[in-house]
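Residue numbers (the working numbering), protein chains in the order written: chain R, 2 to 304; chain F, 15 to 292; chain S, 29 to 386.
Some hints here could point you the wrong way.
Not close to chain R: a few residues of chain S, all C-beta gaps over 12 Å, as computed [stated by the list, open to error]: (1) I56; (2) L60; (3) A69; (4) V72; (5) A73; (6) A76; (7) F92; (8) P97; (9) N101; (10) Y190; (11) R234; (12) R237; (13) L328; (14) W380; (15) L382.
One-sided excerpt, in silico: chain S residues whose CB lies under 10 Å from chain R [stated by the list, open to error]: (16) S83; (17) T84; (18) A99; (19) V164; (20) Q224; (21) Q231; (22) R356; (23) E363.
Treat the hints as calculated values from the structure; they're not laboratory data.
Small disclaimer: the values here were computed from a predicted structure and weren't measured.
From the three backbone atoms N, C-alpha and C, an ideal C-beta is built for every residue, glycine too.
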Amino acid sequence: MAAGTKRLIAAALVLVACGAGLVSPAGADLTRSAPRLQSEKARIVSLVPALTEMFYAIGAGPQVVGVGSFDQFPPEVATLPRLGALLDPDTERILTLRPTLVGIYGSQTDLQAQLARAGIRAYVYRHGGIETIYRTMRELGTATAREPQAERLVRDLQARIATIRTRVRNRTKPKVLLVISRQPGTLREIYVSGGVGFLHEMLEIAGGRNVFADVARESAQPSQETILARAPDIVVEVHAEGMFKTSSVQNEKAVWAPLSSLPAVRNNRVHVLLGQHLVVPGPRFAGGAEALARTIHPAAFNR
Amino acid sequence: MTLSADRVSYSYAGPPKGGHYDGLNRAGHDASSEFALRDVSVTIAPRSLTGLLGPNGCGKTTLLKLMSGVLKPELGSVRLGQRELRGLSARAIAQQIAVVPQETHPAFDFTVLEMVLMGRHPHLGAFQLEGPDDLAIARESLAATGTAQLAHRSYTTLSGGEKQRVVIASALAQKPTVLLLDEPTASLDLGYQLEIASLLKELNRERRVTMVLATHDLNLAASLCDTLVLLREGQVLMQGPTREVLTSATVKQLYGVIADVSFHERAGHITVIPVQRP
Amino acid sequence: MSPPSRLAASARQALAVDALERPARKPIRTRLAVTIAGFGALAVAAIALAPLVGSTHISLSRAFDRSIPFADNVDAQIFFVARLPRVLSGALVGAALAAAGVVFQALLRNPLATPFTLGVSAGASLGAMLVLIFGVSLSVGPFSTVPLASFAGAAVAAGIVYRLATPYRRAMSTAVLLLAGVTLNSFFSALIMFAQYFADFAQAYRASRWLMGDLDVGSYQPIIAAVPLVAIAFAVFAMLPSALNVLSLGPEAAATRGVDVVRAQRLAFFSASLATSAAVSLAGPIGFIGIVVPHLVRLLVGVDHRIVLPASALFGAAFLVACDLGARTLLAPVELPVGVLTAMIGGPFFLWLLVRKG
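Using the sequences and the accompanying hints, generate a full structural model.
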């Protein structure tokens, strides 16, 4: 089922639940156990793209009043005020919006202290694997009193992941080089996913074997020599939309041609995938895993 | 060859925007403040030892630089023989004229021999390395200045007097017909001053090299030079043989000081002794 | 003391000290020939041996076995596609930066000058940053986007510094040159930080990585693009050494020894900027080569630029190839950026130099 449809269903469920008085649209303030006022509304700010997507996915979208500079999804965020990101959070503006909950990065300790002084609750984002994504969603559900929605979201995602696993089960796992960054137009400064993190896990779910699974880090920069030595069967590049202009995707694939001894190049299995669902560890990651699975095992999806 | 400056004028500020000088006096401008030298004509007789004498700021260093071709006059011309320096390349000039500045500070740790061999630069082609002839000239220049034993020493480790002698040797290695020196003994103490002075006199006599010396040291000029050019505020006060030019009257005009100018028997030359402040 | 006895005294002193000083030197032709032969052999050895070593074990017989099609021969690909271009660009960049260092030091009359002192590298970095951050794509022939942009940035920086430092009629003032270069460095560095501030993570990371320097070119294209530029620079370098010697005495002292100072300064500035721009465009700003190598070479062969310049170029090539070899093998399979290794060698070397002088 498409992600958009699911969201629609989730939103509908929330509305029904609201109507039935089961869930109050007002956000619960967990720091004080004061009686909830009907007019008190939760006001959410999120500087982290993954958190922003999660807020919307669990139905807290209407409460979001400000987002980070690099947030792109869902489209509703285009009209919201931009409040900076990791390096340049606009503390003043954030405070002016009178938020009740602010999603921030773990390293933004100054901002966290300022929010604490202002009595504003902060949710500190932690980067990690897929389990971390689920946990984050559940925690956001708690923070916005939308635990059922969050739980539903997690279950949906788990179901989708399980479906993918089923489809690619019993197929031989090819060696995959998962490229997350490089200099456009050349093969210089290639960064790949190591054996840790959500990209690596997505690759495994998609039925691939990470050639750099032995690297105990989220990313690594291997030399051309190392790539040649590891001889991946498939090369998959995952980038955000803006990385290459779509018209030059063909050119970017051709960049791999000099490494002709790679099975991936010989068998024309170099793929360039663009899209935020591939690089943001948020509610759309299942779509990213699906895209990876279709790329690695196209035969498994021809039904 | 005769080195002469013919009605030269020079300004450190350069000509006014969009133009050049058309004469010293321009309407609405106080020309005197702009020029370091104004309408100066000096002729250096071959093989003479001429002194450019005057107080600080009189323009003697400027005149020396004009004569070496480093600076180009705004007005007038400097000639070597018949040829204007302006029309000659730095290389061509350096084959005839060598300069000994007041101080030389190489940026790198050259040896004395390397310093002296640099004097051969104007005679070598672009890709040419010095040959045995050049080395012979260098060694001979070192010997002439009494610095042969310092050949492989680092220049920066030498004493003031030794350094100046090496620089003179470097200038000699250029085999110049004219040697220009800018305050060659100003930063040296008395013993070295006498040393350099006698060396210069010897070189002028034996090698018949024309020498022009810019100095503010009256007694040095009096002891060494056979011809003097007195400069004040960018203009020539007087020029001619030393004993005619250097008198109490001219010293008073130049420095505003009453001095006793007389021939000193024991020293063997004119001496200038200031006796009264202005 | 009368002059003759003073002379005698200093002669005695000189003889006494002479034992501690350098021994009498052979003529320059011999020294030049010996130096070039020695450093040349070192460079050739480094270039020949470095591709044989790497983080992966390969079979050389297989690599050179022509019967195996190239597309199937992993060993050959590792040797000819991964390692050899890397070694060749290391040699090219090392030679260019070391020689440019020598020329800039002579031009600025300061042994502490580097090819990056006058802002050329900052300009190159800004050019590269802008295209990396704004995702522009503008390749022309063998010149791909980032090298082209960084070369343009370097050219702009060099042009600005040159205009600022060339006063009316007179030779370049080294003081103004230095000041203009340092100012431009600061200004461009600030612009780089500004650009990075507005980049997203991926872009900022790519930009930072470029700044660390990288020789892993993976193809011969960028080298082919850089070679003509470096060749022109070196052709001009060949004309400069004796002028550089004299120039280091100061512009007036040089003029009176027959050097066309304006022309020599111009040639030195542009050729050294060209070599630096080409090197930085190819491999990013790799520091310390332009200052460690000339100093090491001077310790070994003296300060005559006619020997120091070619020797530094050759030693620079060998040095960078060796550093890159270390960078890609010491912590295999993890690679150190080569600029980190040159800094780790260069920093302590300088401390030692300072201690020695003091």
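Hints, verified against the model:
For S/I56, the requirement that its beta carbon stay farther than 12 Å from each beta carbon of chain R is met, with the minimum near 43 Å. Against the 12 Å criterion, S/L60 stays outside the reach of chain R, whose nearest CB is about 38 Å from its own CB. For S/A69, the shortest C-beta to C-beta distance to chain R comes to about 27 Å, beyond the 12 Å cut-off, and the non-interface label holds. With a minimum CB-CB distance of about 22 Å to chain R, S/V72 clears the 12 Å threshold, and the non-interface call stands.
The beta carbon of S/A73 sits about 21 Å from the closest Cβ of chain R, which is more than 12 Å, so the claim that it is off the interface holds. Non-interface call for S/A76 relative to chain R: holds, since the shortest CB-CB distance, roughly 18 Å, exceeds 12 Å. With a minimum CB-CB distance of about 15 Å to chain R, S/F92 clears the 12 Å threshold, and the non-interface call stands. Distance check on S/P97: its Cβ comes as close as 9 Å (rounded) to a Cβ of chain R, failing to clear the 12 Å threshold; non-interface status is violated.
With 12 Å as the threshold on Cβ separation, the claim that S/N101 sits away from chain R is violated: the shortest Cβ distance comes to roughly 6 Å. At roughly 30 Å from the closest C-beta of chain R, the C-beta of S/Y190 stays outside 12 Å, upholding its exclusion from the interface. Consistency note on S/R234: stated as away from chain R, yet its beta-carbon is not over 12 Å from all of that chain's, at 6 Å minimum. With 12 Å as the threshold on Cβ separation, the claim that S/R237 sits away from chain R is violated: the shortest Cβ distance comes to roughly 5 Å.
Residue placement check: S/L328 keeps its beta carbon more than 12 Å from all beta carbons of chain R (closest about 33 Å). Once the 12 Å rule is applied to beta carbons, S/W380 is consistent with being away from chain R; the minimum gap is 31 Å. The claim that S/L382 is not at the interface with chain R holds, since no C-beta of that chain comes within 12 Å of its own (minimum 34 Å). Below 10 Å, beta-carbon pairs count as interface contacts, and S/S83 has one with chain R at about 6 Å; its hint therefore holds.
The beta carbon of S/T84 comes within 4 Å of a beta carbon in chain R, closer than 10 Å, and the hint placing it at the interface holds. Among the interface hints, the one on S/A99 holds; its C-beta lies about 4 Å from the nearest C-beta in chain R, closer than the 10 Å criterion. A least Cβ separation of about 9 Å between S/V164 and chain R falls short of the 10 Å threshold, and the interface hint therefore holds. The interface hint given for S/Q224 holds, since its Cβ lies 9 Å from the closest Cβ of chain R, which is under the 10 Å cut-off.
The criterion of a C-beta within 10 Å of any C-beta in chain R is met by S/Q231, whose closest approach is roughly 9 Å, and the hint holds. Hint status for S/R356 relative to chain R: holds, with the closest Cβ pair at about 6 Å, below 10 Å. A cut of 10 Å between beta carbons decides the hint on S/E363: the least distance to chain R is about 6 Å, and the hint holds.
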